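Novice: Keeping the supplied structure of chain A fixed, place chain B upon it in accordance with the hints.
As given, the protein sequences belong to chains A and B, one line each in that order.
Read in the numbering used here, the first sequence has 62 at position 62, and its numbers run on one by one without any break.
Each position in the second sequence, counted from 1, maps to that position plus 1000 in the numbering used here.
Careful: at least some of the hints might be erroneous.
Output of the computed footprint for chain A on chain B, the stretches with three or more beta carbons under 8 Å from beta carbons of chain A [to be verified]:
(1) 1005-1015
(2) 1082-1093
(3) 1197-1208
(4) 1286-1292
If you're looking for bench data, these hints aren't it; they were derived computationally from the structure.
A quick note: this is a predicted structure, and the numbers were derived from the prediction, not measured.
In this text, a Cβ means the ideal position worked out from N, Cα and C, and glycines have one as well.
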Amino acid sequence: MYTAADLRKGLKIAIDNEPYIITHFDFAKPGKGQALYRTKLKNMITGSTLDRTYRSGETFEPAQLEDRKMQYLYKEDDHYCFMDNTTYEQIHISEDAMGDAKNYLIDNLPVDVLLFREKAIGVEVPNFVNLRVVQTDPWVKGDTSGSDSKPATVETGYVLRVPPFIEEGELITIDTRTGEYSTRVKG
Amino acid sequence: MPGSWPLARRSQALAQRGAIFNRIRMFFHEKGYLEVETPFRIPAPAPEAQIDAIPSDGWFLQTSPELCMKRLLAAGYPRIFQICRCWRDGERGSRHLSEFTMLEWYRAQADYQVLMAETEELVRAAAGSESTDYRGHKIDLSPPWERITVRDAFRRYTDTTAEAALADGSFDELMVERIEPHLGLTRPTFIYDYPAICSALARLKASDPTVAERFELYIGGLEIANAFSELIDPIEQRTRFEAEAAERAAQGKRTYPMPEKFLAALSGMPEAAGIALGLDRLVMVLINADSIDDVVAFTTEEL
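The shape of chain A in the complex, shown without the other chains:
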């Protein structure tokens, strides 16, 4: 059981027996007034969204989901293929159900596949993944534009902002929870 104070982005709760993930969360409180928890919820099966505001004191059931440890194999058309490491069973997941996870998929990446009533509805990747930069503009020494970041494309095609000193071919760590650059992998 969760309370309103436990709500946060990424939490999965059950509403009318269906799993929802909180896609946006914010806390609001007028001066001297009552705390309000504003959420956007996405139905993890249908993809439909809800806007809900909750007050402190309200409670929520966790979504009934099963996690299975799998690894990424390959992409075929608009499906992604994963394999269960213990049973060697393979499953396909549609691009729609992948969400942001598809930005981080490299061969053999270990993931948690989420199942609701035996059906795969989503994928969770590790919090940090290492990906190689395949394109970024060189850093011009003495650049006085004041810019403290520049765009870079990594091997999965994902584009993010990185510090100016990152060069093509380097391996970087990305925080998959925010989609942001975290650190450079040395060596």
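Specialist: Chain B alone, transformed into the frame defined by chain A:
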């Protein structure tokens, strides 16, 4: 393996924040205010129903320096200000940090109208310019700013009244969802004369005791400051604190000891007005930051 990138990326915002703080201190020194420091850890915070203090070894981290600063007023300090950390349990969002920076100032022989004018001056001094761009709004800082009563705001932006909303428990929700987003978009807005029940430490208005002499400042839809003409009647203050404490107990919240030294000092306190201004949020509107996380060196989650 968290990197230092999110910290380094804020260097420009932190430099702007520092400059704003310097201008604020200059402003108060030029106006004859004394900068004071009161303890962060206190035995008894104000027992307000909706503000939760974090316990600290039997005492509490302050939710505001209000009670200690008023004791200084009662002791004869006529103009004081403080820039300090405050803590509020469970408050975290894109506009909230549970540890945040407050600017509070108190002025003897003044009321909330005087503070509205002084707040206009302070924010303009802090900005160092006559306008600011915040979230797509060009906000004109030249005085006078917009002033609207809470009753008129409900009339203008909702289909109910402030009184009806209080009675059915929807006051706070309407304030957040329907009213706040309109406030302070072209110039800063003072919303004032709050229902008496929403103001545990404010003086009631002599000409209309159903409202308290309290205002809030909004810039770009963001709540920046809360102020009032101070209640200086110790008996009335004790009655209100008892009602707030009873409300806390009814909600199953942590209760606090009664701040007896503050109540004792109130009988010697002059007529005064005081204001609490959220400095992190002021920096947000002056440097056009989307999240409060963008204007502090560290968030709790990064520690």
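Novice: Which numbered hints are broken by the structure, listed smallest first?
Specialist: Violated hint: only 4; rest satisfied.
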